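Participant: Here are the chains, one letter per residue:
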Amino acid sequence: MKTIFKRLSSLAFIISASACVLLPSMASAHPSWVLPSHFSVSKQEGDWITFDVTASHGTFVADKPASAEGTYVLMPDGRKERPAYTVKGKRRSVFDFFFVEQGTHKVVADNPAMYLTTFKSGRRDAVKRIRANKSDRAQMLPKDAKDVVSMKYQRRAETYITVNAPSEKALAPSNKGFEALPVTLPGDMVEGEPVVFKYLFNGQPASGLEVEIRREGTLYRNQQEEVILTANEQGEIRFTPKAAGRYLSIAVHSDKVENDPLADQHRTMLNITFEVQLN
Amino acid sequence: MHFSDARFIHRGFVIMALFVAAFTMPAAQAEPLPTGATFSIALTLPELNTTMYARPYVAIWVENSERKVVKNISLWTGRQTEWLKDIRTWWRKFGRYHVTDIDGYSSATKPAGDYTIRWDGKSEQDDIIAQGDYTLFIEVVREHGGRDVLKQAMTLADKSQSWQLPAAAEVGPVTIHYQVGQ
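Taken in sequence, the protein lines are chains B and Z. When the letters of the first sequence are read in order and numbered with this note's numbering, they come out as residues 969 to 1247. When the letters of the second sequence are read in order and numbered with this note's numbering, they come out as residues 125 to 306.
Treat the hints loosely; a few may be bogus.
[To be verified] Computed list of lysine-lysine pairs in DSSO-like fashion (alpha-carbon distance at most 27 Å, straight line):
id: 1; chain 1: B; residue 1: 1088; chain 2: B; residue 2: 1111
id: 2; chain 1: Z; residue 1: 283; chain 2: B; residue 2: 1137
id: 3; chain 1: Z; residue 1: 217; chain 2: Z; residue 2: 246
id: 4; chain 1: B; residue 1: 1210; chain 2: Z; residue 2: 246
id: 5; chain 1: Z; residue 1: 246; chain 2: Z; residue 2: 234
id: 6; chain 1: Z; residue 1: 234; chain 2: B; residue 2: 1011
id: 7; chain 1: B; residue 1: 1111; chain 2: B; residue 2: 1224
id: 8; chain 1: B; residue 1: 1056; chain 2: B; residue 2: 1137
id: 9; chain 1: B; residue 1: 1096; chain 2: B; residue 2: 1114
id: 10; chain 1: B; residue 1: 1011; chain 2: Z; residue 2: 283
id: 11; chain 1: B; residue 1: 1102; chain 2: B; residue 2: 1137
id: 12; chain 1: Z; residue 1: 283; chain 2: Z; residue 2: 234
id: 13; chain 1: B; residue 1: 1224; chain 2: B; residue 2: 1210
id: 14; chain 1: B; residue 1: 1096; chain 2: B; residue 2: 1032
id: 15; chain 1: Z; residue 1: 246; chain 2: B; residue 2: 1137
id: 16; chain 1: Z; residue 1: 192; chain 2: Z; residue 2: 283
id: 17; chain 1: B; residue 1: 1102; chain 2: B; residue 2: 1144
id: 18; chain 1: B; residue 1: 1114; chain 2: B; residue 2: 1102
id: 19; chain 1: B; residue 1: 1210; chain 2: Z; residue 2: 217
id: 20; chain 1: Z; residue 1: 217; chain 2: Z; residue 2: 234
id: 21; chain 1: B; residue 1: 1210; chain 2: Z; residue 2: 192
id: 22; chain 1: B; residue 1: 1011; chain 2: Z; residue 2: 192
id: 23; chain 1: B; residue 1: 1144; chain 2: B; residue 2: 1224
id: 24; chain 1: B; residue 1: 1114; chain 2: B; residue 2: 1210
In case anyone wonders, no lab produced these hints; they're calculated from the structure. If you're wondering where the values come from, they're calculated on a predicted model, not measured in any experiment.
All chains, full assembly: derive it from the sequences and hints.
Facilitator: This is how it looks when you write it as structure tokens:
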């Protein structure tokens, strides 16, 4: 029994070590997302919409605890509001927000940045990961550590809510960091018609960026049916959804930095939940 | 040189004349529907034996060949506005741009039965529409139920015409009459 356990635990170590290797590509990450109960409001008096915030492998299947503390709503006039009612659960957070102002709102579930340091050490050069930044990593790293990289990692999940006709002000880019804007306005995304998003980094087109688009309902079909797109020179991705439904676009941007005392690399995961309507 | 100049001018004039003709001819063709032309749309809202029956929301509108709404003929939604967005195609094409004057379009929801809706061929701007290609849309959505979008392409000119649409789950059959003259 003991030897089996030992073998199992060494196997587990190998698995977790390989998970660390995969981490830089975020292949093992749980994509975070925010899912509204409704994407549009027509009620003249305005209406409440409830949101789930979580991270998971299954598209829109709540899994990992996630905080909604950093969530804000960009109103149609561009100002920022915070949701009033937030509940933190074991496998998701929930918040509600009242929508009454005309136009498109951008809902942002922002998370504070985390710092991770990866390195190789030991006889087998196993890749390991610690929660440390560039300035405090020295005391935590083993003496033989090599290929040490510290990363500032941020996850942001966004979605759009439209009251009556869509508008563009809340979608305007800040030209700071990694961001995306729907060229096809939310509310205009329809099955069988092209949908275009534009990705920017510091206001410049994020050309060459890889974006993965997943449709809800993976629990009840055998194939993931994901679409993987590469942003063109304008930073745009374009696809024609075959089916109406809720979609998640997943994109990770990495940038090597010289001037951050806490990190060698900045990495942002930006996931957007959007609705494709019936034609 | 003189000769070729003259020819050049002459050719230019012909091309210009062709351009003028190309741009003015469709406008000249775009005559309004004949005086007194009318539409009638006869439709059935079926009796449905379900446990949670609610009267359906119905929107009927006409689009031109550029897919622009020229006339919202009917909107049966009652006074509520909460579910307007669920008349999805109508909401996207027309409703969401007319929220401030939606009272002017909406009337009460209707129980199961046969209805005839009339339209005088006038656009939202109150002009008689031009002869040409149009599409009539009938969208019916029922809470706890389904949704149907019926479409009928129509070329409207100086002759009477009729179209039949078979029954769908939430509406139909539908008969459309375009009546010119007596």
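Participant: Is the straight-line distance between the alpha-carbon of residue 1056(B) and that of residue 1137(B) 27 Å or less?
Facilitator: violated (31 Å)
Participant: Taking only the CA atoms, is the gap from residue 1210(B) to residue 246(Z) under or equal to 27 Å?
Facilitator: Judged against 27 Å, a Cα distance of about 36 Å means the pair is violated.
Participant: Assess, step by step, whether the Cα of residue 283(Z) is no farther than 27 Å from the Cα of residue 1137(B), and give holds or violated.
Facilitator: violated (49 Å)
Participant: What's the verdict on residue 1210(B) and residue 192(Z), does the C-alpha distance respect the 27 Å limit or exceed it?
Facilitator: Given that 27 Å is the threshold and the Cα spacing comes to 24 Å, the pair holds.
Participant: So if I understand the rule, the pair passes when the alpha-carbon distance is 27 Å or less; does residue 217(Z) with residue 234(Z) pass?
Facilitator: With a Cα-Cα distance of about 23 Å, the restraint between residue 217(Z) and residue 234(Z) holds, given a limit of 27 Å.
Participant: Taking only the CA atoms, is the gap from residue 1096(B) to residue 1114(B) under or equal to 27 Å?
Facilitator: holds (10 Å)
Participant: For a C-alpha distance cap of 27 Å, please report whether residue 217(Z) and residue 246(Z) respect it.
Facilitator: holds (19 Å)
Participant: Does the alpha-carbon distance linking residue 1096(B) and residue 1032(B) stay inside the 27 Å limit?
Facilitator: The given pair, whose Cα atoms are some 22 Å apart, holds under the 27 Å limit.
Participant: Given the hinted pair residue 1011(B) and residue 192(Z), is their alpha-carbon gap at most 27 Å?
Facilitator: holds (24 Å)
Participant: Is residue 283(Z) within 27 Å of residue 234(Z), Cα to Cα?
Facilitator: It is violated: about 32 Å lies between the C-alpha atoms, which goes past 27 Å.
Participant: Holds or violated: residue 1111(B) and residue 1224(B), Cα atoms, limit 27 Å.
Facilitator: Answer holds: residue 1111(B) to residue 1224(B) is near 25 Å, not above 27 Å.
Participant: Taking only the CA atoms, is the gap from residue 1114(B) to residue 1210(B) under or equal to 27 Å?
Facilitator: violated (48 Å)
Figure legend: structure checked against the earlier numbered hints; hints not met, in rising order: 2, 4, 8, 10, 11, 12, 13, 15 and 24.
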